[in-house]
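Undergrad: With chain A's structure known, arrange chain B on it following the hints.
2 protein chains.
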Amino acid sequence: MDIVLVGTGNVAMIIGQLLVSAGHRVTDVHGRNEAALVQIANLLNAKTNTNFSKLIGKADVCIIAVSDAAIASVANQIEDSNVLMVHTSGATSKDVLSKFRKHGVLYPLQSLRKELDRLPDVPFFIDANTSDDLEKLETLAASMSRQVRVCGDEERLKFHVAAVFCSNFTNYLYALTDRFCKEENIEFSYLLPLITETAERLAAKPAARLQTGPAIRRDLDTIRRHEVLLQSHPEAKLLYDYLTHSIQSFYSHTADSEE
Amino acid sequence: MDIVLVGTGNVAMIIGQLLVSAGHRVTDVHGRNEAALVQIANLLNAKTNTNFSKLIGKADVCIIAVSDAAIASVANQIEDSNVLMVHTSGATSKDVLSKFRKHGVLYPLQSLRKELDRLPDVPFFIDANTSDDLEKLETLAASMSRQVRVCGDEERLKFHVAAVFCSNFTNYLYALTDRFCKEENIEFSYLLPLITETAERLAAKPAARLQTGPAIRRDLDTIRRHEVLLQSHPEAKLLYDYLTHSIQSFYSHTADSEE
Chain A
281 MDIVLVGTGN VAMIIGQLLV SAGHRVTDVH GRNEAALVQI ANLLNAKTNT
331 NFSKLIGKAD VCIIAVSDAA IASVANQIED SNVLMVHTSG ATSKDVLSKF
381 RKHGVLYPLQ SLRKELDRLP DVPFFIDANT SDDLEKLETL AASMSRQVRV
431 CGDEERLKFH VAAVFCSNFT NYLYALTDRF CKEENIEFSY LLPLITETAE
481 RLAAKPAARL QTGPAIRRDL DTIRRHEVLL QSHPEAKLLY DYLTHSIQSF
531 YSHTADSEE
Chain B
281 MDIVLVGTGN VAMIIGQLLV SAGHRVTDVH GRNEAALVQI ANLLNAKTNT
331 NFSKLIGKAD VCIIAVSDAA IASVANQIED SNVLMVHTSG ATSKDVLSKF
381 RKHGVLYPLQ SLRKELDRLP DVPFFIDANT SDDLEKLETL AASMSRQVRV
431 CGDEERLKFH VAAVFCSNFT NYLYALTDRF CKEENIEFSY LLPLITETAE
481 RLAAKPAARL QTGPAIRRDL DTIRRHEVLL QSHPEAKLLY DYLTHSIQSF
531 YSHTADSEE
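Note that the protein sequences, when read in sequence, are chains A and B.
Residues in the first sequence are numbered consecutively from 281, following this note's numbering.
Residues in the second sequence are numbered consecutively from 281, following this note's numbering.
No lab work stands behind these hints: they were computed from the structure.
Some clues are possibly wrong.
Stated by the list, open to error - Each computed BS3-like pair below joins lysine-lysine, with the alpha-carbon atoms no more than 27 Å apart:
1) B:Lys-374 to A:Lys-462
2) A:Lys-416 to A:Lys-374
3) B:Lys-338 to B:Lys-327
4) B:Lys-416 to B:Lys-327
5) A:Lys-517 to A:Lys-462
6) B:Lys-416 to B:Lys-379
7) A:Lys-374 to B:Lys-462
8) B:Lys-334 to B:Lys-382
9) B:Lys-374 to A:Lys-517
10) B:Lys-334 to B:Lys-374
11) B:Lys-462 to A:Lys-438
12) B:Lys-517 to A:Lys-517
13) B:Lys-517 to A:Lys-438
14) A:Lys-394 to B:Lys-485
15) A:Lys-462 to B:Lys-485
16) A:Lys-485 to B:Lys-394
17) B:Lys-338 to B:Lys-374
18) B:Lys-338 to B:Lys-379
19) A:Lys-438 to A:Lys-394
20) B:Lys-517 to A:Lys-485
21) A:Lys-327 to A:Lys-379
22) A:Lys-517 to B:Lys-485
23) B:Lys-416 to B:Lys-462
24) B:Lys-517 to A:Lys-374
25) A:Lys-485 to B:Lys-462
26) A:Lys-379 to A:Lys-416
27) B:Lys-374 to B:Lys-394
Said to hold, decoys possible - Okay, the calculated bits of chain A under chain B, using three or more residues with CB under 8 Å as the criterion:
28) 499-509
29) 519-528
To be verified - Residues from chain A that keep clear of chain B, each with C-beta distances beyond 12 Å, as calculated:
30) Met-281
31) Val-300
32) Glu-314
33) Asn-331
34) Lys-374
35) Ser-378
36) Asp-458
Where is the CB? At the ideal position from N, CA and C, for every residue including glycine.
Chain A extracted, bound-state conformation (with noise of 0.2 Å):
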């Protein structure tokens, strides 16, 4: 398909790369940012673009990956066309596109960085006003993942708060470990396989069920040992004993863990 691209930032940028790897042709990038945009444009082999009135020509579909508060000013400098347009936020209706008459959603459900030079696997969350154009997007996201779902406003939202836990907090707890580390003059770089494992394994069995250490075990000599070692670490000590708390009464009323 052609395709206009609004935005320059990490999701415009991969979501551009998975496109063209895909066979799509990306003809126009639009961004105020013009070095992020001649970056990209020459990446993608697509035209610059500064002026949305002369952006949507004859494309499929118009991606705006912008961030969330800036797609309703985005939407409202574009005139309506035949072309579909989408924007790539999970937390957003897809009525702030509704002035539109063929708009959807196209989200993807991944942390998405521009500097690293490989592509990650993209789940996509799609959805159209128009059964017609909900089966465009859906053969056009199938181009890029093999994992694509249809949901609408509400479920998508469920899955970005999801998404939240799972990676937002999770590395909230790297970066705090990794403060830790400077901290005591200890090298990060020694917990990266058992990081990757705990993710990894999630892949073959639920994470309730490979629960270990010693809160879930309510190993209180370890914990008092833990908690001396972290005093002069106040906040990794308040989240310490909270998640300590909250995994104790988690599995006090599931009978999910094998320890």
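TA: Using the frame of chain A, we list chain B on its own:
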């Protein structure tokens, strides 16, 4: 080397396999659970043993791979000899084995699960009471792993608490999310590529510079919509609020984030 293994759980099973893969010989395995004992002895081509007094023989190293609480009692039942005695605990002092003239620690910083069908990368943290034995342990560990570090009780405990954050606590977030998905009737498996990506990209960039999401953006609108969704999931909602505030506080006094 010739190794005697005490224990039939996850740690014994995985270290046993790593030893055999590296060309060592596990001569004997000791355990109380007979079914587990026969299984591991068969897998490692070792003799089964239920009598500590006949355990040690002419081994180079005896690895006590039992729960932290059981190490002392196992040590009590074994007579001192010329064999190097080590435990595998991150949170237990090497001194628990001080009745043995040659003693130390071989701590695998990994979540070991015998039911998974591949052997993960396992960094080893080693310690011993004589430099000769430390060298011997280093040779042994290096034959099983690219990451080996000599460290004492306190430093090992630091890695142990760091592992709680990066594995036990992240796994708990996955477990909570899995339960949320079940209760909301959405499929957790769509989150697996995100979870893997969030873990794997840490090799390329520090976690603090990879933080994204509504908390660090202070995107109150999205946070409010998430909170509404979480109202029927009180444990998850409490944790959501706690971590959202914690992230905002963390990043208000670091300049690490890119958003």
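Undergrad: Evaluate each hint against the coordinates.
TA: Hints, verified against the model:
no. : hint                   : result
1   : B:Lys-374 to A:Lys-462 : 25 Å, holds
2   : A:Lys-416 to A:Lys-374 : 16 Å, holds
3   : B:Lys-338 to B:Lys-327 : 14 Å, holds
4   : B:Lys-416 to B:Lys-327 : 24 Å, holds
5   : A:Lys-517 to A:Lys-462 : 16 Å, holds
6   : B:Lys-416 to B:Lys-379 : 20 Å, holds
7   : A:Lys-374 to B:Lys-462 : 25 Å, holds
8   : B:Lys-334 to B:Lys-382 : 18 Å, holds
9   : B:Lys-374 to A:Lys-517 : 25 Å, holds
10  : B:Lys-334 to B:Lys-374 : 24 Å, holds
11  : B:Lys-462 to A:Lys-438 : 11 Å, holds
12  : B:Lys-517 to A:Lys-517 : 21 Å, holds
13  : B:Lys-517 to A:Lys-438 : 13 Å, holds
14  : A:Lys-394 to B:Lys-485 : 12 Å, holds
15  : A:Lys-462 to B:Lys-485 : 15 Å, holds
16  : A:Lys-485 to B:Lys-394 : 12 Å, holds
17  : B:Lys-338 to B:Lys-374 : 22 Å, holds
18  : B:Lys-338 to B:Lys-379 : 19 Å, holds
19  : A:Lys-438 to A:Lys-394 : 25 Å, holds
20  : B:Lys-517 to A:Lys-485 : 25 Å, holds
21  : A:Lys-327 to A:Lys-379 : 26 Å, holds
22  : A:Lys-517 to B:Lys-485 : 25 Å, holds
23  : B:Lys-416 to B:Lys-462 : 50 Å, violated
24  : B:Lys-517 to A:Lys-374 : 25 Å, holds
25  : A:Lys-485 to B:Lys-462 : 15 Å, holds
26  : A:Lys-379 to A:Lys-416 : 20 Å, holds
27  : B:Lys-374 to B:Lys-394 : 25 Å, holds
28  : 499-509                : holds (count 6)
29  : 519-528                : holds (count 6)
30  : Met-281                : 23 Å, holds
31  : Val-300                : 20 Å, holds
32  : Glu-314                : 20 Å, holds
33  : Asn-331                : 28 Å, holds
34  : Lys-374                : 15 Å, holds
35  : Ser-378                : 18 Å, holds
36  : Asp-458                : 5 Å, violated
Hint compliance for this structure: hints 23, 36 are not met, and every other hint is.
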